[in-house]
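Chain order of the listed sequences is H and L.
Under my numbering, the letters of the first sequence match residues 1 to 224, in that order.
Under my numbering, the letters of the second sequence match residues 1 to 265, in that order.
One thing to keep in mind: the hints can contain errors.
[Said to hold, decoys possible] Computed spacing ranges between beta-carbons, pair by pair:
| hint | chain 1 | residue 1 | chain 2 | residue 2 | range |
| --- | --- | --- | --- | --- | --- |
| 1 | L | Thr127 | H | Ala202 | 28 to 36 Å |
| 2 | H | Met172 | L | Glu230 | 52 to 60 Å |
| 3 | H | Ile173 | L | Glu230 | 47 to 55 Å |
| 4 | L | Gly203 | H | Ile173 | 32 to 40 Å |
| 5 | L | Leu144 | H | Phe37 | 22 to 30 Å |
| 6 | L | Ala199 | H | Leu107 | 49 to 57 Å |
| 7 | L | Ile111 | H | Met172 | 17 to 25 Å |
[Unchecked claim] List of simulated lysine to any residue pairs, SDA-like, C-alpha gap at most 20 Å:
| hint | chain 1 | residue 1 | chain 2 | residue 2 |
| --- | --- | --- | --- | --- |
| 8 | L | Lys95 | L | Ile109 |
| 9 | H | Lys119 | L | Ala141 |
| 10 | H | Lys75 | L | Pro74 |
[As the list claims (entries may be wrong)] To list a few chain H residues with every Cβ distance to chain L over 12 Å, as calculated:
| hint | residue |
| --- | --- |
| 11 | Met1 |
| 12 | Ile5 |
| 13 | Trp8 |
| 14 | Val56 |
| 15 | Thr63 |
| 16 | Leu176 |
| 17 | Gly179 |
| 18 | Arg191 |
| 19 | Ala194 |
| 20 | Ile195 |
| 21 | Val197 |
| 22 | Phe198 |
| 23 | Ala202 |
| 24 | Phe205 |
| 25 | Leu208 |
| 26 | Ala210 |
None of these hints come from the bench; they were simulated from the model.
Cβ atoms here follow ideal geometry from the backbone N, Cα and C, with glycine treated the same way.
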Amino acid sequence: MLNKIYDWVDERLDITPIWRDIADHEVPEHVNPAHHFSAFVYCFGGLTFFITVIQVLSGMFLTMYYVPDVENAWKSVYYLQNEVAFGEIVRGMHHWGASLVIVMMFLHTLRVFFTGSYKKPRELNWIVGVGIFGVMLGLGFTGYLLPWDMKALFATKVGIEIAASVPFIGEMIKVLLAGDAEILGAATLTRFFAIHVFFLPAVLFALLAAHFIMIRRQGISGPL
Amino acid sequence: MQRGKGMKFVGDSRIKSNNRMPNKPKDYSEYPGKTEAFWPDFLLKEWMVGAVFLIGYLLLTVAHPSPLEGPADPTNASYIPLPDWYFLFMYQLLKYTYASGPYNVIGAIIIPGLAFGALALVPFLDTTPERRPSKRPLPTAFMLLAVASMIYLTWESVANHDWEAAKAQGVITDKDLGLLPNVEIDESSPGYEIFQSQASCIGCHGGDLTGGTGAPMLLGNELTAEEVKEIVINGRGGMPAGAFDGTDEELDQLAEFIASLKEEK
Numbered sequence: 001m002l003n004k005i006y007d008w009v010d011e012r013l014d015i016t017p018i019w020r021d022i023a024d025h026e027v028p029e030h031v032n033p034a035h036h037f038s039a040f041v042y043c044f045g046g047l048t049f050f051i052t053v054i055q056v057l058s059g060m061f062l063t064m065y066y067v068p069d070v071e072n073a074w075k076s077v078y079y080l081q082n083e084v085a086f087g088e089i090v091r092g093m094h095h096w097g098a099s100l101v102i103v104m105m106f107l108h109t110l111r112v113f114f115t116g117s118y119k120k121p122r123e124l125n126w127i128v129g130v131g132i133f134g135v136m137l138g139l140g141f142t143g144y145l146l147p148w149d150m151k152a153l154f155a156t157k158v159g160i161e162i163a164a165s166v167p168f169i170g171e172m173i174k175v176l177l178a179g180d181a182e183i184l185g186a187a188t189l190t191r192f193f194a195i196h197v198f199f200l201p202a203v204l205f206a207l208l209a210a211h212f213i214m215i216r217r218q219g220i221s222g223p224l
Numbered sequence: 001m002q003r004g005k006g007m008k009f010v011g012d013s014r015i016k017s018n019n020r021m022p023n024k025p026k027d028y029s030e031y032p033g034k035t036e037a038f039w040p041d042f043l044l045k046e047w048m049v050g051a052v053f054l055i056g057y058l059l060l061t062v063a064h065p066s067p068l069e070g071p072a073d074p075t076n077a078s079y080i081p082l083p084d085w086y087f088l089f090m091y092q093l094l095k096y097t098y099a100s101g102p103y104n105v106i107g108a109i110i111i112p113g114l115a116f117g118a119l120a121l122v123p124f125l126d127t128t129p130e131r132r133p134s135k136r137p138l139p140t141a142f143m144l145l146a147v148a149s150m151i152y153l154t155w156e157s158v159a160n161h162d163w164e165a166a167k168a169q170g171v172i173t174d175k176d177l178g179l180l181p182n183v184e185i186d187e188s189s190p191g192y193e194i195f196q197s198q199a200s201c202i203g204c205h206g207g208d209l210t211g212g213t214g215a216p217m218l219l220g221n222e223l224t225a226e227e228v229k230e231i232v233i234n235g236r237g238g239m240p241a242g243a244f245d246g247t248d249e250e251l252d253q254l255a256e257f258i259a260s261l262k263e264e265k
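Bound conformation, chain H alone (with noise of 0.2 Å):
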């Protein structure tokens, strides 16, 4: 039956190459860590693209809760962290996958590093990853503020500050950022959201493909 449905749209669209892309490839035995246990090196990736779905899912949920605003943001908070089913462990998912995504990709980032695998033909593979990195570092970042507490505010101000200290566009880093050219409040709360949770993933999205679509047609890196 699904050999049938599978052949009636193959017919039609001609899904195999995708489907190829996703699922029916070869693993090489270097990388897989049941031939070899020191391949779990290569599971690095994998596991950031896990945790990052994780945060995705969990920054829905936490959105369903979640208020942009500077009179609610922290109640809304407190709300989800006290009284919500399960809120507790749903912001702590997304806190600490915050953390153990960047661990994950910077040890991705390490294996890939010293195993000589941006060479080329996958320089340009290396180059999208980067911009990924930096693309986390920014929600990190953006996402820190969000519960409107102390701390929030407080190394947001210090983060903002460093970035009006660029020579010549500092000052416009920061009024894009903050919203205003003196006060962090509330226009930087509801950029922040925005740009934590549109912005960012969407261009974090694009990112992920071009990765993804270029590993496939490249294929992993031989063995060393």
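Starting from the known structure of chain H, fit chain L onto it as the hints suggest.
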């Protein structure tokens, strides 16, 4: 249209084996070893790794609820800021002489910019075909140095931070939760008038008597009028001595009023 089925590819890539791309990777069949189908064999094993990871992740989540400090108060001037841990090394860098103050641009922009730029351009800086770390000592050394300095800076930042103070300054108070003690404020008393007219009183303890930065809430205090007077005259903790500006009679009325702010049980 050429169908995917029955086509021969190089390794696990989509580069067809008959094409002449000079940079095509070697076919894995050229290496001795066993390949495995991604679906479903390898994915199942990968999911086992994922499941072990997920268990650790969930244990962390359950054991350490995510922190939440008191609501943001931009008027608090004494708060010591701290970024999330993965930015600590950059934060620490800005504390060194030649990376802060007049040299701020070096610590805030040039060093991180160079590091991130170099990371992005690694494939063009290290162009030899050699892949083993031991066969390309310079890139390996630079990366090890970068990782070591990040670990060192993070360590220094953690060691130098006053975690006790950080914990104290982030506490969620009853006031934050709107849980004020049940106190009847006699706004017609002369003491109330005096309190509101003293800038040094309301500056710290607030016009609503709920306290503020470093100053305790006066509602529901446990002091007698004598003790209040004593504290106003001599100061206590962060409160300076002689802050009150007025006559002794007014001080008596003020102390009387403050002492009257007892919680009704």
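- Can we trust that H:Ala194 is non-interface, i.e. its beta-carbon lies farther than 12 Å from all of chain L? 18 Å, holds
- Message: Can you tell me whether the CB distance of L:Thr127 to H:Ala202 sits inside 28 to 36 Å?
- Response: Taking Cβ atoms as reference, L:Thr127 and H:Ala202 lie about 33 Å apart, which means the hint holds.
- Query: Can the suggested window of 17 to 25 Å be confirmed for the beta-carbon pair L:Ile111 and H:Met172?
  - Reply: Because 22 Å falls inside the window, the suggested range holds.
- So is H:Ile5 really clear of chain L, every C-beta pair being over 12 Å apart? 16 Å, holds
- Query: Has the given pair, H:Lys119 with L:Ala141, been kept, meaning a C-alpha gap of at most 20 Å?
  - Reply: 17 Å, holds
- Query: L:Leu144 and H:Phe37, beta-carbon distance inside 22 to 30 Å?
  - Reply: The hint (22 to 30 Å, Cβ to Cβ) holds, given that L:Leu144 and H:Phe37 are roughly 24 Å apart.
- Interface exclusion of H:Phe205 relative to chain L, criterion Cβ beyond 12 Å: 20 Å, holds
- Check the non-interface label on H:Arg191: least C-beta distance to chain L beyond 12 Å or not. The claim holds: H:Arg191 sits with its nearest Cβ about 15 Å from chain L, beyond 12 Å.
- Item | Exclusion check [H:Gly179 not at the chain L interface, CB over 12 Å] | With a cut-off of 12 Å, H:Gly179 remains clear of chain L, as the shortest Cβ separation is near 14 Å.
- Task: Compute the least Cβ-Cβ separation between H:Val56 and chain L, then decide whether it is above 12 Å.
- Result: 15 Å, holds
- Query: Taking the minimum C-beta separation from H:Met1 to chain L, is that value above 12 Å?
  - Reply: Answer for H:Met1: holds, closest chain L Cβ roughly 18 Å.
- Message: Using Cβ atoms and 12 Å as the threshold, tell me whether H:Ile195 really stays out of contact range of chain L.
- Response: 16 Å, holds
Checked against the numbered hints given earlier, the structure satisfies every one of them.
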